[in-house]
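Enquirer: Chain by chain, the residues run as shown.
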Amino acid sequence: MAETASADATSGPQRFRAGSRGGLDYFFYFLKNNPFAILGLAIVVVVILLTIISPYIAPYDPQKTLPGKTLKPPSSEHWFGTDINALDVFSRTLTATRTDIPVAVIATAIAMFIGVSLGVVAGYFGNRGGPGGIASEATLRLMDILQAFPVFILALALVAGTGASTINVGIAIAFVNAPIFLRLIRGQVLGLREMPYVEAARCAGASGKRVAFRNILPGVISPALVQASVTIGFAILLIAGLSFVGAGVPQPTPEWGLMIATGSRDIVTGQWWTSVFPGLALAITVFGFALLGEALGKALDPLQRQ
Amino acid sequence: MSGAMQSKGVPALAIEDLSASFFTYRGEVVALADVELELKQGEMLGIVGATGSGKSVLARAVMNQVRAPGRITKGSIRLQGEELLEFSDDQWRETRGRRIALISSNPRHALDPLTAVGVQLGRAIRAHDKQPDPKIRAQVIEALESVRIPDAKRRHDAYPHELSVGMAQRVLIAMALLHEPEVIIADEPTAGLDVTVQRQVLDLMKSLLDELGSSKMVVTRDLGIVAHYCDRIAVMKDGRVLEETDVRSFFSGPSDFESQHLLARTLTSGFSAGAGQIVVRDPGQSPSDTEPLLSVRGLVKHFPIRGSRLTVKAVNGVSFDVAPGEALGLVGESGSGKTTVGRLILRLIDPTEGRISFEGADITTASQREFAKVRSRIQMVFQEPHASLNPNMTVGRNIEEPLRLVREGRLSKADRTDRVRELLQLVQLGEHAESFPHNLSAGQAQRVGVARAIATNPRLVVLDEPTSLLDISVRGEILELLNRIKDEIGMSYIFISHDLTAVRSVCSRIAVMYLGRIIELGDIEELFERQRHPYSRALLASVLYADPDARVPDFALSGEIPSPVDLPSGCFLESRCPLVREQCTTAHPPLEQKSTGLEAACYFSDELMALKKEEPPR
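Protein sequences, first through last, are from chains A and B. Quick note: the first sequence uses the numbering used here, first residue 1, plus one each step. Quick note: the second sequence uses the numbering used here, first residue 1001, plus one each step.
Pulled out of the complex, with its shape left as it was, chain A reads as follows (with noise of 0.2 Å):
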């Protein structure tokens, strides 16, 4: 009997077993067949590598100003030329990921760690009554109205009330994300929450707070690091778009979105390399997080492995 079952799983000529966990060798098909999802990878990386490594590769310091090296075009000297503070724009735009990718990427973590876990409880609890349904409805209703201002707008007015600084745009970014987050997981929950080995665990006699974090916490946890590296990309540009307005990182912080406003009134008397340059580093830093997450989603969904 134990043979014939045996048999079962491991008959026929390299029986592919749906789901199984390839670990590498999948990794690596999967990029294979995914063009996209290796530019997504190599732009992360660098973009990564450089936040850690730049202030030690870049040719200048990128907070003192270099004398009587205004608005110079770009030359082997200083590569993305100087702006009108005589700053050297090649070494701000390397080092800028210092503040833009850790603040990201920290907000981002924020939102997710809020979203997911209300999202959980709403999921598991909502759609039920009882007070835990009438909590559930309540924190989604608050979402809605949360999510009915514009994102910029919510992120403006946050960072308005409390000053600007480096510190409370992040906060802003992981306040205005975790609705995302919290719908996206309480979709799954609902799901998740009918399948058999949930009832089976309830069953086996689990507690509810039991069967929503040990049964089903993991079953979405592959979800939210998708939306994750989407929201990264996103947070970024609404870090640049803050400070573009004068609203987020501070002067003389380098920063994308403050490069691109500093030297936005450069360009109309033909400086254009001021602003272009951060300009370009914005949108292929985001243009990598967004192709991440899509090659995540892809590559995370067991539809699709098969």
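Quick caveat, the hints were computed from the structure, so don't treat them as lab data. You may find that some hints are simply not true.
Claimed, not checked - In the PhoX-like style, the derived pairs of lysine-lysine whose C-alpha atoms are separated by at most 25 Å in a straight line are:
#, chain 1, residue 1, chain 2, residue 2
1, B, LYS1153, B, LYS1135
2, B, LYS1373, A, LYS209
3, B, LYS1074, B, LYS1040
4, A, LYS209, B, LYS1413
5, B, LYS1130, B, LYS1153
6, A, LYS32, A, LYS298
Add chain B to chain A, keeping to what the hints say.
Expert: Then chain B, alone, in the frame of chain A:
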């Protein structure tokens, strides 16, 4: 039209040396290996095999529907002598639907949910035959009538979700037959249907196709279907055809060893087995004198429909007892409320009315906290083997979970580990403690489910369709395991299933349910021999035995199960029963003692007995 291309001697479909592979990240997976097959003019060929044997890929290959990462690597498929593999896309468009048509399983999913079925049929006509709208409409209605869909004019404008599954399957059959194709491929044509409806649909399909003279290829896992409807059979395993022979000689003794194995398993597992089969069962304890372990009285469960004052009346007054060590089968088609009863007993949902007592104590109104103490003594095995295991935990951890959650007398960590090892031995999966569920086959996963259910030594296990999603060859294994556990440990079972023969191999008593009521209850052998309710007889008559010579008792119900939202006022079977009288429309008959050991709810059970078993009722 179909006759024009046929010439004597040339097979309708000739498959030679056909191989197909899927190219995945783990390399090439061979799905078909040198398949040789011949479909003769007008015959019905049954292709059988377990999950993953390549039978569906074969069906798709014939329709040119093998998609990336899959590819046909070599071979030839000839339709009336024409090489299909050399067809251009345009030629294929001409061929599919007109010369080769597919009847797929899962009819609700095969139809476009946003388009009325009549419109979909109309499009299928127009694809090969441009005609003015009114003419097409007339043709569609005619097609719907030909598959005996009542009220075809109105159904023309119905959407798929408004049809029952049986109706939707008929629509698919109508669609496949529109252009009178030379070859029809039916891929598990009745997989999602209830047994009484399955008979109706297969009979209809067979008679329509025979009329047309089309050649038919039926892909199925059910040897019963092959024995009854097919002329020849091809057995597949691992992408190879093991044997291709006529049905009669196959069932009298297949020549290939593997096919013998398949047939033997089918017969010994008590599934689809004909007269004189080996029934793996020990009669067990009789329920009489002992205090019942579980007692259910007047159980009612109505589910409210959101945004409406209507309710789904899933369970409508169910009473029965289960004695210690007894196995009770709860049998019925989908919508009979059998699963709801199981969930009510486990308190996964709360009853609308009625009383459930376990070990003499009333557990109906026990709070979840109080019920938690009883929980380790009532456990459940679920229908879906993989989905019911937590995918993020190892097999061992899955089995350990209920042990960790016992309220009183919890074992120490070391003892739990020992217990898990012991359980894995019992279900013969000793080496799999550290595997994850997705590395197991369905049969193995279901054995883990069984091990988990018995981990806490429960007194009652509710088995909710534990074998219905498994391959025939694996079903027998699970049933043997369940029998062994029952005998060795002395647990009581409630075995919920739509499959009478499976229940017969484990249970000594049976309750037949229809629309949320028990319509017949008692000794299982008595019920098989002398059933007193027309519904039980129809259920038994619809079992297709894996024996082409078995005489099929001809007792069929008309139509399909009524909606549980709007129950009939009289006997629930009134609209389908061939014995129906005036009295049946007034009130539902009560469950009454009809013979020793058998109770039935029918006013005319004596009349049913008077009908000779194998004769048509009218």
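Enquirer: Hints first: check each against the structure and report whether it holds.
Expert: Tested hints:
With a C-alpha separation of about 14 Å, the suggested pair LYS1153 of chain B and LYS1135 of chain B falls inside the 25 Å cut-off, and the hint holds. For a cut-off of 25 Å, the pair hint linking LYS1373 of chain B to LYS209 of chain A stands: about 18 Å separates their Cα positions. Between LYS1074 of chain B and LYS1040 of chain B, the direct Cα distance comes to roughly 22 Å. Compliance with the 25 Å bound is thereby established for this hinted pair. Of the supplied pair hints, the one linking LYS209 of chain A and LYS1413 of chain B holds, its CA atoms being roughly 22 Å apart against a limit of 25 Å.
The hinted pair formed by LYS1130 of chain B and LYS1153 of chain B meets the criterion: a straight-line CA distance of about 22 Å does not exceed 25 Å. For the proposed pair LYS32 of chain A and LYS298 of chain A, the alpha carbon gap of about 13 Å is at most 25 Å, so the pair holds.
Violated hints: none; the structure is consistent with every hint.
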